[in-house]
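Trainee: Chain by chain, the residues run as shown.
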Amino acid sequence: MIVNVDVNGRLRSFDVPPGAFLLDVLREAGYLSIRRGCDTTSCGICTVLLDGKPVPSCSYLAIRAEGRKVTTVEGIPEEAAKLARHFGEEGADQCGYCNPSLALAVYALKQTRPKATDEEIRLWLVGNLCRCSGYQSQLVAIKRYLEERP
Amino acid sequence: MNVVNKPLASLDGKALMMGRPAYTDDFAAPQSLVVKVLRSPHPFARIVSIETDEARAIKGVACVLTHKDFKRISFTRAGQGYPEPSPHDKFVLDEYVRYVGDEVAIVAGVDSSTAEAALAAIKVKYELLTHVLDMETAVGNPSVIHPEPEAREMFPIGFEPKKNIAAAYKMNVGDVDAVLKKCDVVVKQTYRTTAQAHVAMEPHAANARFDHQNRLVIYATTQTPVHVRRIISQALAYPIANIRVIKPRVGGGFGGKQAIAAELIVAAVAIRTGLPCRYAFTRKEVFESSYSRHPMNIEMTLGAMKDGTLKAIDCKVLSDTGAYGEHALTVFMVTGSKVLPLYNKVEAVRFAGTVVYTNHTPAGAYRGYGAIQGNFALESAVDELCAALKCDPLAFRRKNMIREGETSPIFAIMGEGTEGTAMTMETCKLPFCVDRGADLSDWAHNHPRRIVAKNRVRAVGMAIAMQGSGIPLIDMASATVKLNDDGFYNLLVGATDIGQKSDTILAQIAAEALGTTLEKIVVTSSDTDVTPFDTGAYASSTTYVSGNAVLKAATKMKETLVAEAAQVLGTTRDQVAFDGSTFVAETGRLTLKDLSNRLFYNHDQKQLSVTESFCGHKSPPPFMAGFATVEVDLETGEVDLVDYVSVVDCGTTINPKLAQGQVEGGIVQGIGMTLFEEPVYGKADGKTVNSDLLSYKIPTRLEIRKLTTEFAISYEESGPYGAKSVAEIGIDTPPAAIANAIYNAVGVRVRTLPITPEKIWRGMQIRAGKMEESK
Ligand code: FES
Ligand code: FES
Chain A
0 MIVNVDVNGR
10 LRSFDVPPGA
20 FLLDVLREAG
30 YLSIRRGCDT
40 TSCGICTVLL
50 DGKPVPSCSY
60 LAIRAEGRKV
70 TTVEGIPEEA
80 AKLARHFGEE
90 GADQCGYCNP
100 SLALAVYALK
110 QTRPKATDEE
120 IRLWLVGNLC
130 RCSGYQSQLV
140 AIKRYLEERP
Chain B
0 MNVVNKPLAS
10 LDGKALMMGR
20 PAYTDDFAAP
30 QSLVVKVLRS
40 PHPFARIVSI
50 ETDEARAIKG
60 VACVLTHKDF
70 KRISFTRAGQ
80 GYPEPSPHDK
90 FVLDEYVRYV
100 GDEVAIVAGV
110 DSSTAEAALA
120 AIKVKYELLT
130 HVLDMETAVG
140 NPSVIHPEPE
150 AREMFPIGFE
160 PKKNIAAAYK
170 MNVGDVDAVL
180 KKCDVVVKQT
190 YRTTAQAHVA
200 MEPHAANARF
210 DHQNRLVIYA
220 TTQTPVHVRR
230 IISQALAYPI
240 ANIRVIKPRV
250 GGGFGGKQAI
260 AAELIVAAVA
270 IRTGLPCRYA
280 FTRKEVFESS
290 YSRHPMNIEM
300 TLGAMKDGTL
310 KAIDCKVLSD
320 TGAYGEHALT
330 VFMVTGSKVL
340 PLYNKVEAVR
350 FAGTVVYTNH
360 TPAGAYRGYG
370 AIQGNFALES
380 AVDELCAALK
390 CDPLAFRRKN
400 MIREGETSPI
410 FAIMGEGTEG
420 TAMTMETCKL
430 PFCVDRGADL
440 SDWAHNHPRR
450 IVAKNRVRAV
460 GMAIAMQGSG
470 IPLIDMASAT
480 VKLNDDGFYN
490 LLVGATDIGQ
500 KSDTILAQIA
510 AEALGTTLEK
520 IVVTSSDTDV
530 TPFDTGAYAS
540 STTYVSGNAV
550 LKAATKMKET
560 LVAEAAQVLG
570 TTRDQVAFDG
580 STFVAETGRL
590 TLKDLSNRLF
600 YNHDQKQLSV
610 TESFCGHKSP
620 PPFMAGFATV
630 EVDLETGEVD
640 LVDYVSVVDC
650 GTTINPKLAQ
660 GQVEGGIVQG
670 IGMTLFEEPV
680 YGKADGKTVN
690 SDLLSYKIPT
700 RLEIRKLTTE
710 FAISYEESGP
720 YGAKSVAEIG
730 IDTPPAAIAN
740 AIYNAVGVRV
750 RTLPITPEKI
760 WRGMQIRAGK
770 MEESK
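Chains as they are written, first to last, in numbering that gives the first Met the number 0: chain A, 0 to 149; chain B, 0 to 774.
Take these hints with a grain of salt, some might be off.
[Unchecked claim] Derived SDA-like pairs (lysine to any residue); straight-line CA-CA distance at most 25 Å:
1) B:K58 x A:G18
2) A:K52 x B:R19
3) B:K555 x B:D578
4) B:K519 x A:R84
5) B:K656 x A:G18
6) B:K705 x A:G18
[Said to hold, decoys possible] Quick list of simulated restraints, FRET-style, between CB atoms:
7) A:S58 x B:V529: 36 to 44 Å
8) A:P17 x B:P29: 22 to 30 Å
9) B:A421 x A:E27: 42 to 50 Å
10) A:E77 x B:S694: 46 to 54 Å
11) B:K592 x A:T40: 49 to 57 Å
12) A:T40 x B:E772: 36 to 44 Å
13) A:E27 x B:K682: 39 to 47 Å
14) B:F209 x A:E65: 49 to 57 Å
15) B:Y237 x A:P17: 39 to 47 Å
The set of hints was computed from the structure by calculation and includes no laboratory data. Note that CB positions come from ideal geometry on N, CA and C, so glycine has one too.
Using the sequences plus the hints, can you model the full thing?
Mentor: Okay, here's the thing in structure tokens:
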């Protein structure tokens with residue numbers, strides 16, 4: 000089955016088996032920034048943006064992405080670098096495994112609610128688990144990033 | 000100091016955020032076979048027959064391996080130094096399966112669905128054996144989990160497999176029974192902890208291939224590359240010189256990746272097929288088939304005089320190591336050795352216990368490593384004693400806790416499975432930690448409780464803790480500093496960065512010693528063909544042990560450079576001043592850049608490279624005080640954690656922000672263990688009920704409201720630039736501090752983790768006389 004998807008601004012066609020999930024298709028195609036953390040759609044590690052909205056690619060059928068725009072962190076390098084700078088300043092980065100997906104989710108938040116409160120940030124990211132950081136330093140870094148004007 | 004003690008950004012943070020290939024599965028060779036494992040659905044069974052012909056016949060299946068394909072070599076997956084203090088009681092594959100999730104067969108196919116099909120086509124006949132799930136009934140149970148003659152201990156650890164005992168130990172100082180008799184108040188209670196799961200966000204993974212020299216190259220999510228190399232060689236009877244283990248970035252470890260897991264399986268498949276292969280655990284496999292924390296029942300008896308002097312501690316432990324004895328003895332010993340010395344002034348102290356086999360998922364190393372279990376018991380019991388004595392918990396601790404310049408006989412008696420090492424506390428800022436924590440948590444105002452709204456009370460509770468810094472006289476680390484042209488350096492370390500950012504802090508230490516900046520240090524860590532020996536990332540050893548090795552190597556490199564410069568400048572070394580970039584003497588000046596280029600290209604050419612090793616003679620403990628402020632709903636028993644204050648003495652913080660991250664990450668893992676994390680097993684079938692992230696709940700952003708973290712000013716002479724360890728200490732206090740806070744709030748003492756609203760509610764009902772206490 001052929002699906003045509005815009006990945007990071009480039010039109011790609013993938014030949015996929017019917018039940019394939021977007022995560023596996025994209026990783027297979029070399030988008031290695033998207034990774035898996037669970038089997039039950041509960042961790043957020045596999046997040047991509049689909050037409051700008053965060054979705055867990057591990058349970059999103061690849062064929063449903065037909066004609067849509069997929070963004071991985073490779074597609075927002077400047078924004079990821081900006082967020083990384085704040086993470087570095089706050090020591091909010093540890094193993095980094097949760098970071099690319101977090102960058103996408105936070106970027107999407109900035110598009111929709113640049114003035115989000117702490118509580119709104121927490122709620123927006125509740126599905127993005129991190130086992131290393133304890134979350135607080137990440138919250139501070141994310142706020143700094145949201146405050147940053149282009 | 001210019002580089003050390005500075006909150007510099009990590010070396011790899013930006014590239015990781017940008018999604019660069021970095022983790023094990025990103026490095027699988029193209030066209031790798033996909034490996035999967037058939038796992039036992041039964042907690043205890045013997046494989047009567049296993050039919051694989053049908054599976055092997057499937058197109059695209061490259062191999063199917065069962066226990067018949069392996070030599071019967073017993074080993075331990077624990078991932079410790081050699082000889083291991085864990086019993087050799089595991090086989091790559093065995094005719095017995097000992098827990099739900101134990102390996103039955105290994106398959107490899109051209110893709111995931113082919114491997115799945117192969118798994119489904121294997122037919123296994125099991126003879127079900129009577130399983131043992133309750134640790135209380137394990138000892139002497141007629142059902143013996145390790146009857147096989149090959150199971151053995153490497154040195155005496157109290158191993159008695161016929162009785163289901165993986166390890167046992169006891170020690171005492173003074174006459175505990177006699178001292179307890181003389182005490183005015185004695186408190187005796189049993190505390191229970193659960194088999195917390197590590198839940199590193201990256202599941203265990205490994206891939207293997209043969210390279211252009213026909214050597215077996217394995218990428219793995221490991222904390223212990225040199226141990227992995229040794230164990231693969233031993234378990235598969237394969238030449239160690241032909242194995243290369245590379246640890247790329249690792250997505251969290253917390254002890255869960257100290258043991259060997261997927262590595263052995265991909266090695267077996269690659270050796271069998273000659274083809275590249277990859278294996279990534281599912282989350283379910285991580286929960287069921289890696290290992291967890293040892294659940295323990297700890298009976299703690301404390302005796303004190305009316306004036307608040309603690310006289311005796313008696314600690315009895317029953318620990319459940321599950322189906323295999325990984326870290327059985329050592330975790331249990333730490334429950335004593337890194338907990339009981341907190342109260343070093345007692346007249347008598349006794350520690351004894353047994354680690355039993357059951358048919359649960361094995362337990363193993365996990366941040367805190369026994370200390371968190373012991374700390375929950377001891378620091379809960381201390382508050383229970385304070386309640387009985389009507390003594391302020393802070394005053395009691397100030398009076399009885401260990402202080403700078405003091406020691407405890409336990410240090411000399413108890414080590415990691417062997418005798419310990421005597422040591423005096425050169426640094427112990429516990430008094431400051433307790434005072435500062437009381438200020439930051441507004442103890443005066445919040446203790447014991449105050450009403451903040453209708454049906455809502457706020458209260459604060461606290462606990463103190465200690466940990467270690469590496470395993471003295473056993474753990475060795477080494478580092479190589481190599482000069483390059485233009486005057487930058489390679490730093491090669493075996494130390495294993497698993498996300499705690501050790502590459503960064505080791506580079507900071509090297510840069511400080513060389514008088515240079517972080518940009519001039521290029522770190523390569525953990526490739527067994529390239530980097531020098533290091534036991535690995537465990538036992539809170541990297542900053543102290545590996546850090547000391549780096550400091551020695553960098554210091555020696557600086558001396559070497561000065562000697563070379565002196566020659567060029569036609570003077571003696573003591574006449575040369577070097578600030579990290581320029582050598583200055585009365586006879587002239589020379590930049591490091593010029594010296595390096597000269598050494599590589601022009602005169603007296605040579606490569607300057609220094610390798611140094613470090614093995615500690617002691618393990619200076621970091622200390623901390625943790626203060627939990629909670630609000631409890633009087634109607635529902637629900638707990639909100641309002642703030643968690645940590646004041647930590649870890650010596651100098653090499654990187655204060657990264658150290659804070661270590662503490663806060665540990666605190667939040669400890670909060671999870673305290674309030675909700677608990678693997679649930681079916682009582683009848685031994686299956687885990689919640690082996691996924693949907694039903695096994697770890698803390699999310701919503702539960703963590705506020706963390707307040709500070710460091711005491713402290714300088715440990717024996718540490719690199721005054722540093723001690725900081726990786727584990729954070730996890731130890733939450734169970735007791737939160738339990739104590741909840742007691743202060745509502746008068747309910749919960750002694751079994753996790754502390755759920757249901758337990759609190761029940762306790763409140765019992766207190767109100769609305770319910771009977773049950774056993
Ligand atoms: S991998 Fe966990 S939500 Fe997709
Ligand atoms: S940094 Fe490791 S999971 Fe978030």
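Trainee: Hint by hint, say whether it matches the structure.
Mentor: Here's how the hints hold up against the structure:
The hinted pair formed by K58 of chain B and G18 of chain A meets the criterion: a straight-line CA distance of about 20 Å does not exceed 25 Å. In summary, the hint linking K52 of chain A to R19 of chain B is supported, as the alpha carbons are separated by about 22 Å, within the 25 Å threshold. Under the criterion of a C-alpha separation no larger than 25 Å, the hint pairing K555 of chain B with D578 of chain B is consistent with the structure, at around 15 Å. Distance hint between K519 of chain B and R84 of chain A is fulfilled; the C-alpha atoms sit about 20 Å from each other, no more than 25 Å.
Restraint check for K656 of chain B and G18 of chain A: not satisfied, since their Cα atoms lie roughly 45 Å apart, outside the 25 Å limit. This hinted pair does not check out: K705 of chain B and G18 of chain A have alpha carbons roughly 43 Å apart, beyond 25 Å. About 39 Å separates the C-beta atoms of S58 of chain A and V529 of chain B, a value consistent with the hinted range of 36 to 44 Å. About 24 Å separates the C-beta atoms of P17 of chain A and P29 of chain B, a value consistent with the hinted range of 22 to 30 Å.
With their beta carbons about 58 Å apart, A421 of chain B and E27 of chain A fall outside the hinted range of 42 to 50 Å. Here the CB-CB span from E77 of chain A to S694 of chain B is close to 39 Å, at odds with the stated 46 to 54 Å. One distance hint, 49 to 57 Å for the beta-carbon pair K592 of chain B and T40 of chain A, holds here, with the actual separation near 54 Å. For T40 of chain A and E772 of chain B, the hinted distance range of 36 to 44 Å is satisfied, since their beta carbons lie about 42 Å from each other.
At about 42 Å, the CB distance of E27 of chain A to K682 of chain B agrees with the hint of 39 to 47 Å. The hinted window of 49 to 57 Å between F209 of chain B and E65 of chain A is violated, with their beta carbons roughly 40 Å apart. Evaluation of the 39 to 47 Å hint for Y237 of chain B and P17 of chain A yields a pass: the beta carbon distance comes to about 41 Å.
When the structure is compared with the earlier hints, violations turn up for hints 5, 6, 9, 10, 14 and for no others.
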